[in-house]
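A.B. asks: From first to last, the protein sequence lines stand for chains S and R. Under this note's numbering, the letters of the first sequence match residues 1 to 183, in that order. Under this note's numbering, the letters of the second sequence match residues 1 to 82, in that order.
One or more hints might be untrue.
[Said to hold, decoys possible] The calculated lysine to any residue pairs, modelled on SDA-like cross-linking and capped at a C-alpha distance of 25 Å, are:
1. K74(S) x E38(S)
2. K2(S) x A53(R)
3. K2(S) x L67(R)
4. K2(S) x Q49(R)
5. K2(S) x Q44(R)
6. K145(S) x R46(R)
7. K2(S) x A45(R)
8. K74(S) x A135(S)
9. K2(S) x R41(R)
10. K145(S) x Q65(R)
11. K2(S) x L12(S)
12. K145(S) x Q77(R)
13. K145(S) x Q44(R)
14. K2(S) x S75(R)
15. K145(S) x A45(R)
16. K74(S) x S114(S)
17. K2(S) x Q65(R)
18. K2(S) x R46(R)
19. K145(S) x A68(R)
20. K2(S) x D76(R)
21. K145(S) x Q116(S)
22. K74(S) x R106(S)
23. K145(S) x P64(R)
24. K145(S) x D76(R)
25. K74(S) x E104(S)
26. K2(S) x Q37(S)
27. K145(S) x M56(S)
28. K74(S) x N55(S)
29. K145(S) x Q37(S)
30. K145(S) x G40(R)
31. K2(S) x P64(R)
32. K2(S) x L70(R)
33. K74(S) x R117(S)
34. K145(S) x R72(R)
35. K2(S) x H66(R)
36. K2(S) x R72(R)
37. K2(S) x D30(S)
38. K2(S) x P16(S)
39. K145(S) x Q49(R)
In short, the hints are calculated from the structure, not lab data.
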Amino acid sequence: MKLDPVIRDQVLATVPSLRAFAISLCGNVDRADDLVQEALLRALAHIDSFQPGTNMPAWLFTILRNLFRSEYRKRRREVEDPDGRYAETLKSHPEQGGRVEFSEFRAALARLPSEQREALILVGASGFSYEDAAAICGCAVGTIKSRVNRARTRLADLLAIDSVDDFGPDRATRAVLARGGRG
Amino acid sequence: MMKTGKTTNLLPPAANENKAETRDAMGRPVNQRKNEVRLGREVQARIGQQLRAMYDNIVSQGVPQHLANLVRRLSDQDDGTT
């Protein structure tokens, strides 16, 4: 069966965002591209189960996310990062498109629990609704909201930009402004 | 007297999360938290910006050639079904 060009173009149009999601999940471009390739193979092999007119990005993200989770379970020890080594490798991967100013942010993101990280990225970067993100992750909308909130709080902690209790608002405000990087 | 900061690094971050309802960690009344709420929004806006900037940076790289080829090849091939 030849694929409807409209569907094919929808798949192609989703690839850049799918890849950004995969890189955020894996923290490694090569592994992420393998994951994207595997997800595309699977998606195209089961394209009949996609209902035209429904949300193609959500469908592809779900497939990729499920692949990642099953791989993650296999490689759990490798992926967990108690020593920050995984975070450290992120800093030295300029080909990820990571400019210097993102390195600290990437490292902090890498230290989030993976469920919080994926929820934050789906909602905060990919632009999915909480409902779509919940469908992609196979959990309740409230669970996604709570994961996103915890992710944001934890990121702020890791980046030490909500240190009001320790340093007072002025210093914290300056830290935020200093991060603006527009000057 | 200050304790050395070293040992606190070993504590899980969760240990700092339960703050008193009426007094914050420094013993200030909670109404001083108004500033923190405002600051919290700025912090979250900053996090959101960095997150999107990082993500969009990858999105702007487009579709890698090998993935584009893969999709075109698979969508053009006739596998015998109709």
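A.B. asks: With reference to the structure, classify each hint as holding or not holding.
C.D. replies: The hints, checked one at a time:
For the suggested pair K74(S) and E38(S), the alpha carbons sit about 16 Å apart, so the restraint of at most 25 Å is met. Restraint check: the Cα-Cα separation between K2(S) and A53(R) comes to about 37 Å, which exceeds 25 Å; the hinted pair is violated. With a C-alpha separation of about 18 Å, the suggested pair K2(S) and L67(R) falls inside the 25 Å cut-off, and the hint holds. In summary, the hint linking K2(S) to Q49(R) is not supported, as the alpha carbons are separated by about 41 Å, beyond the 25 Å threshold.
For the suggested pair K2(S) and Q44(R), the alpha carbons sit about 46 Å apart, so the restraint of at most 25 Å is broken. About 19 Å separates the Cα atoms of K145(S) and R46(R), which keeps this hinted pair within 25 Å; it holds. This hinted pair does not check out: K2(S) and A45(R) have alpha carbons roughly 45 Å apart, beyond 25 Å. Note on K74(S) and A135(S): the hinted pairing holds, with a Cα-Cα distance of about 23 Å set against a maximum of 25 Å.
Proximity of K2(S) to R41(R) is assessed by CA-CA distance (about 50 Å); at most 25 Å being required, the pair is judged violated. Between the alpha carbons of K145(S) and Q65(R) the distance comes to roughly 36 Å, so the proposed pair goes past 25 Å and is violated. Among the hinted pairs, K2(S) with L12(S) is consistent with the structure: their alpha-carbon atoms are about 16 Å apart, no more than 25 Å. Taking the CA atoms of K145(S) and Q77(R), the gap is near 42 Å; set against the 25 Å cutoff, the hint is violated.
A threshold of 25 Å between alpha carbons decides the hint, and for K145(S) with Q44(R) the separation of about 15 Å falls inside it, so the pair holds. Note on K2(S) and S75(R): the hinted pairing holds, with a Cα-Cα distance of about 6 Å set against a maximum of 25 Å. A threshold of 25 Å between alpha carbons decides the hint, and for K145(S) with A45(R) the separation of about 17 Å falls inside it, so the pair holds. The hinted pair formed by K74(S) and S114(S) meets the criterion: a straight-line CA distance of about 15 Å does not exceed 25 Å.
Using a Cα cut-off of 25 Å, the hinted pair K2(S) and Q65(R) holds, with the two alpha carbons roughly 21 Å apart. Using a Cα cut-off of 25 Å, the hinted pair K2(S) and R46(R) is violated, with the two alpha carbons roughly 46 Å apart. For the hint pairing K145(S) with A68(R), the CA-to-CA distance comes to about 34 Å; that exceeds 25 Å, so the pair is violated. Restraint check: the Cα-Cα separation between K2(S) and D76(R) comes to about 5 Å, which is no more than 25 Å; the hinted pair holds.
With a C-alpha separation of about 10 Å, the suggested pair K145(S) and Q116(S) falls inside the 25 Å cut-off, and the hint holds. A hinted pair counts as satisfied when its Cα atoms are at most 25 Å apart, and K74(S) with R106(S) qualifies at roughly 24 Å. A threshold of 25 Å between alpha carbons decides the hint, and for K145(S) with P64(R) the separation of about 33 Å lies outside it, so the pair is violated. A hinted pair counts as satisfied when its Cα atoms are at most 25 Å apart, and K145(S) with D76(R) does not qualify at roughly 41 Å.
Straight-line distance between C-alpha atoms of K74(S) and E104(S) comes to about 28 Å, which puts the hinted pair past the 25 Å bound. Between K2(S) and Q37(S) the alpha-carbon distance is near 19 Å, which keeps this suggested pair within the 25 Å criterion. This hinted pair checks out: K145(S) and M56(S) have alpha carbons roughly 23 Å apart, not beyond 25 Å. Distance hint between K74(S) and N55(S) is unfulfilled; the C-alpha atoms sit about 29 Å from each other, more than 25 Å.
With a CA separation close to 30 Å, the supplied pair K145(S) and Q37(S) exceeds the 25 Å bound. In summary, the hint linking K145(S) to G40(R) is supported, as the alpha carbons are separated by about 17 Å, within the 25 Å threshold. Annotation: proposed proximity of K2(S) to P64(R) holds, straight-line Cα distance about 23 Å (limit 25 Å). Of the pairs offered as hints, the one joining K2(S) and L70(R) holds, with about 14 Å between alpha carbons and a cut-off of 25 Å not exceeded.
At most 25 Å may separate the alpha-carbon atoms for a hinted pair to count; K74(S) and R117(S) meet this at roughly 19 Å. Taking the CA atoms of K145(S) and R72(R), the gap is about 37 Å. The hint is violated against a cut of 25 Å. In summary, the hint linking K2(S) to H66(R) is supported, as the alpha carbons are separated by about 20 Å, within the 25 Å threshold. Between K2(S) and R72(R) the alpha-carbon distance is near 10 Å, which keeps this suggested pair within the 25 Å criterion.
A C-alpha spacing of about 30 Å is found between K2(S) and D30(S), which places the hinted pair above 25 Å, so the restraint is violated. This hinted pair checks out: K2(S) and P16(S) have alpha carbons roughly 23 Å apart, not beyond 25 Å. This hinted pair checks out: K145(S) and Q49(R) have alpha carbons roughly 19 Å apart, not beyond 25 Å.
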